[in-house]
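Position chain R relative to chain S; hints supplied.
Chains S and R supply the protein sequences, listed in that same order.
Going from the first sequence to the working numbering is simple: count from 1 and add 51.
Going from the second sequence to the working numbering is simple: count from 1 and add 51.
A pair counts as met if it fits within one copy or between any two copies, since identical chains are not told apart.
Simulated pairs of lysine to aspartate or glutamate, EDC-like, Cα-Cα distance not exceeding 16 angstroms: (1) K112 <-> D94; (2) K112 <-> E93; (3) K82 <-> E415; (4) K112 <-> D100.
Source of the hints: derived by calculation from the structure; they are not laboratory data.
Chain by chain, the residues run as shown.
Protein chains: 2
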Amino acid sequence: MIPYAKMTADELSAIKNDLKQTFSIYAEKGKKLIMTRGIPSEDQLALCDGLLTCLSNEDYKTANGNDCRNYGGIDGIPEMKIIFADLLDVTPEEVIVFGNSSLALMFDIVSANMSHGTIDGKPWGTQGKIKFLCPSPGYDRHFTICNYFDIEMITVPIYPTGPDMDKIENMISNDPMIKGIWCVPKFSNPTGIVYSDETIKRFANLKPAASDFRIFWDNAYFIHDLNKTKTNISDIIHLCETSGNPNMVYVFSSFSKISFAGASVACVAASVSNCNYIRQHLSARTIGPDKLNQLRHVRFFENADGVLALMEKHAEILRPKFKLVSDTFRDELGELEIAQWTTPQGGYFISFDSLNGCAKRIVELCAKAGVALTPAGATFPNGKDPLDCNIRIAPTYPPLTELKEALEIFCTAVKLASLEKLSGETFPV
Amino acid sequence: MIPYAKMTADELSAIKNDLKQTFSIYAEKGKKLIMTRGIPSEDQLALCDGLLTCLSNEDYKTANGNDCRNYGGIDGIPEMKIIFADLLDVTPEEVIVFGNSSLALMFDIVSANMSHGTIDGKPWGTQGKIKFLCPSPGYDRHFTICNYFDIEMITVPIYPTGPDMDKIENMISNDPMIKGIWCVPKFSNPTGIVYSDETIKRFANLKPAASDFRIFWDNAYFIHDLNKTKTNISDIIHLCETSGNPNMVYVFSSFSKISFAGASVACVAASVSNCNYIRQHLSARTIGPDKLNQLRHVRFFENADGVLALMEKHAEILRPKFKLVSDTFRDELGELEIAQWTTPQGGYFISFDSLNGCAKRIVELCAKAGVALTPAGATFPNGKDPLDCNIRIAPTYPPLTELKEALEIFCTAVKLASLEKLSGETFPV
Numbered sequence: 052m053i054p055y056a057k058m059t060a061d062e063l064s065a066i067k068n069d070l071k072q073t074f075s076i077y078a079e080k081g082k083k084l085i086m087t088r089g090i091p092s093e094d095q096l097a098l099c100d101g102l103l104t105c106l107s108n109e110d111y112k113t114a115n116g117n118d119c120r121n122y123g124g125i126d127g128i129p130e131m132k133i134i135f136a137d138l139l140d141v142t143p144e145e146v147i148v149f150g151n152s153s154l155a156l157m158f159d160i161v162s163a164n165m166s167h168g169t170i171d172g173k174p175w176g177t178q179g180k181i182k183f184l185c186p187s188p189g190y191d192r193h194f195t196i197c198n199y200f201d202i203e204m205i206t207v208p209i210y211p212t213g214p215d216m217d218k219i220e221n222m223i224s225n226d227p228m229i230k231g232i233w234c235v236p237k238f239s240n241p242t243g244i245v246y247s248d249e250t251i252k253r254f255a256n257l258k259p260a261a262s263d264f265r266i267f268w269d270n271a272y273f274i275h276d277l278n279k280t281k282t283n284i285s286d287i288i289h290l291c292e293t294s295g296n297p298n299m300v301y302v303f304s305s306f307s308k309i310s311f312a313g314a315s316v317a318c319v320a321a322s323v324s325n326c327n328y329i330r331q332h333l334s335a336r337t338i339g340p341d342k343l344n345q346l347r348h349v350r351f352f353e354n355a356d357g358v359l360a361l362m363e364k365h366a367e368i369l370r371p372k373f374k375l376v377s378d379t380f381r382d383e384l385g386e387l388e389i390a391q392w393t394t395p396q397g398g399y400f401i402s403f404d405s406l407n408g409c410a411k412r413i414v415e416l417c418a419k420a421g422v423a424l425t426p427a428g429a430t431f432p433n434g435k436d437p438l439d440c441n442i443r444i445a446p447t448y449p450p451l452t453e454l455k456e457a458l459e460i461f462c463t464a465v466k467l468a469s470l471e472k473l474s475g476e477t478f479p480v
Numbered sequence: 052m053i054p055y056a057k058m059t060a061d062e063l064s065a066i067k068n069d070l071k072q073t074f075s076i077y078a079e080k081g082k083k084l085i086m087t088r089g090i091p092s093e094d095q096l097a098l099c100d101g102l103l104t105c106l107s108n109e110d111y112k113t114a115n116g117n118d119c120r121n122y123g124g125i126d127g128i129p130e131m132k133i134i135f136a137d138l139l140d141v142t143p144e145e146v147i148v149f150g151n152s153s154l155a156l157m158f159d160i161v162s163a164n165m166s167h168g169t170i171d172g173k174p175w176g177t178q179g180k181i182k183f184l185c186p187s188p189g190y191d192r193h194f195t196i197c198n199y200f201d202i203e204m205i206t207v208p209i210y211p212t213g214p215d216m217d218k219i220e221n222m223i224s225n226d227p228m229i230k231g232i233w234c235v236p237k238f239s240n241p242t243g244i245v246y247s248d249e250t251i252k253r254f255a256n257l258k259p260a261a262s263d264f265r266i267f268w269d270n271a272y273f274i275h276d277l278n279k280t281k282t283n284i285s286d287i288i289h290l291c292e293t294s295g296n297p298n299m300v301y302v303f304s305s306f307s308k309i310s311f312a313g314a315s316v317a318c319v320a321a322s323v324s325n326c327n328y329i330r331q332h333l334s335a336r337t338i339g340p341d342k343l344n345q346l347r348h349v350r351f352f353e354n355a356d357g358v359l360a361l362m363e364k365h366a367e368i369l370r371p372k373f374k375l376v377s378d379t380f381r382d383e384l385g386e387l388e389i390a391q392w393t394t395p396q397g398g399y400f401i402s403f404d405s406l407n408g409c410a411k412r413i414v415e416l417c418a419k420a421g422v423a424l425t426p427a428g429a430t431f432p433n434g435k436d437p438l439d440c441n442i443r444i445a446p447t448y449p450p451l452t453e454l455k456e457a458l459e460i461f462c463t464a465v466k467l468a469s470l471e472k473l474s475g476e477t478f479p480v
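Isolated chain S (complex conformation) (with noise of 0.2 angstroms):
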């Protein structure tokens, strides 16, 4: 393979042809193949069946006495509280297990936060345009909360060791209009990328010129690693304390692509204020989450190793389609250079870079074949891409052979994008 841009005229014509042909051939065989969001797969669901059955007539009750089939309880069940602190490296304290969504428990915490502030400062909602900072290419569905509360995003680049410190401390000690920042600070969506030891301490250090202001720490792939080295991440929490600044971050998790992707536990963890605030803001909403999940998710995992035993399956499963991936672009893309990719140790995604202009095309392409792609733009603030190249690849729904399929007509999508871009005409499709 030489570059394209190395080729002569008729050379990229001849090529372009070929394709053309090829992906006629894809168009036609009308398929349907899914890749749009990081969705678990069915082989990976049915690692946790045994959820569906365990508990019994005879067992609905916690450790101490409390029956999960009735009310009572704002904050979770102290069982699944454990491990979770376990997990997350924090104590039970500093813990709420609430529904089956995160994402909500986020949304809930912003929307608290605009109409009644944090303990920290007047309702975020009465101090003019507030502003979050959005580290990109990122997750979609935090800037639709960001959206969702007419919120200022600030899009901040992101590095191999994490987003832009030098950027991030400079704007939050000078702008009391900032807020907040949304991370994924290990296998971060759809980059891949770990936060490192050094960017973590600096979040923990900020000296925010906003008291209120509030990190969004997404953990979402805590314990996702693909490999059986480990990635750890330091923890945010006690740095925080630690810094002085113990109220200035959320952390976020849950079971969603651990056992069942939204019938799962979800989890908030912070200071033991932050944790006293929410839970009064919690209980104006409702009289408390569904325990008897959470008693399920405690019989069928038992414990934190528990569930980093099950947590090895999922790889097994994954390690091959990230592989496949990272093996299909290299062979087909490898030395064109008309793009760059990521090489994730764990997580849901593989982000995607092509030709500047080309991501676009790239993605309505893929839909004429039958491969339905995250929309390009996606995972920028209001899915505009100043740059229109990032694609989020989530390679971890499909069979194997079907992403097999998907990603040949992914990269020839790719190519016949790249050489309309570089000849200036395009294929009609």
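Okay, now just chain R, sitting in the frame of chain S:
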């Protein structure tokens, strides 16, 4: 028995001495009897233990093939929508099944209306100090939501046919800052009264000064009849449609007192336009509700008839408890002219009115003797009963023998507090 008010000072003094002695004996026993909230009893919960085991590792999909173990679907599985729709006499398109708590749905909709407005107006939060009408005595959790969002509450009297409609019509048609009203139309919390057809018709024909006025119709006890003869109330959604006010009402309900309290399924029913709008808001917050728990309910109950059949069993358990309360009050307090109470045909509560100025004292005395009651005043906005006379009796949770003890203590406390009131002399406890 002759009324206390017609006794001589000596007679009253003798009775008081007897009561003091009785009371001291109770207090010494140090019982712990709980009648604070409308909580199902253990034998009621056991009716649904089949829910704990009704799914299997071969049964986790909806009829249309959706895997309930995975992401997808914001508004509930089709089968569960149909069950709610059949029970509420609406169409599945008018139903959103979401989460385990109808209270949370009410909170989320008030919250969304505060920050974004209804489909018929600007955000409530930007319109100045808005108001809700609160028929009282009512449900304290409704008032908590108003308090949370700093919404002014206006107390409206409630009669055996429903709230004071003359007052409501007058206020709502003249004051555009009135944006909502809380209603529990069937077996109202705590009075147990049922809104008459005439009342509901007047609700549907309200002519609010505010285009974005909404009725929060909390139909929590919609099929919670105690007797074989069922009480049916008019269908507010379609009456509103007929009156040209299709978006004026949100109907809420749940299985909290049908299956497992806190681990059941909740819904909101409304016009299709309202449902579309609610779906949008829910989608910003989360990927979706726990579909597996909905599927459990579908498998266990099968259909609306299955639910109604189970409600007969609940009624069998609850009937003797409500009868015991009614009989005890009649026998102990019947002719003393120191109290009035309701005799509901369904629901979870009995509303008790003491002599004015005695409710707090009765609750205090009960606490000293080991009986925990809902705080006096809780049934009014801001926890303030202007006459200090209303107490909510929640007889469902204790077994009959414990309920009997609790009622004896309660009646003793009522008599003591009344004698204190009549004599102006307080008994030290």
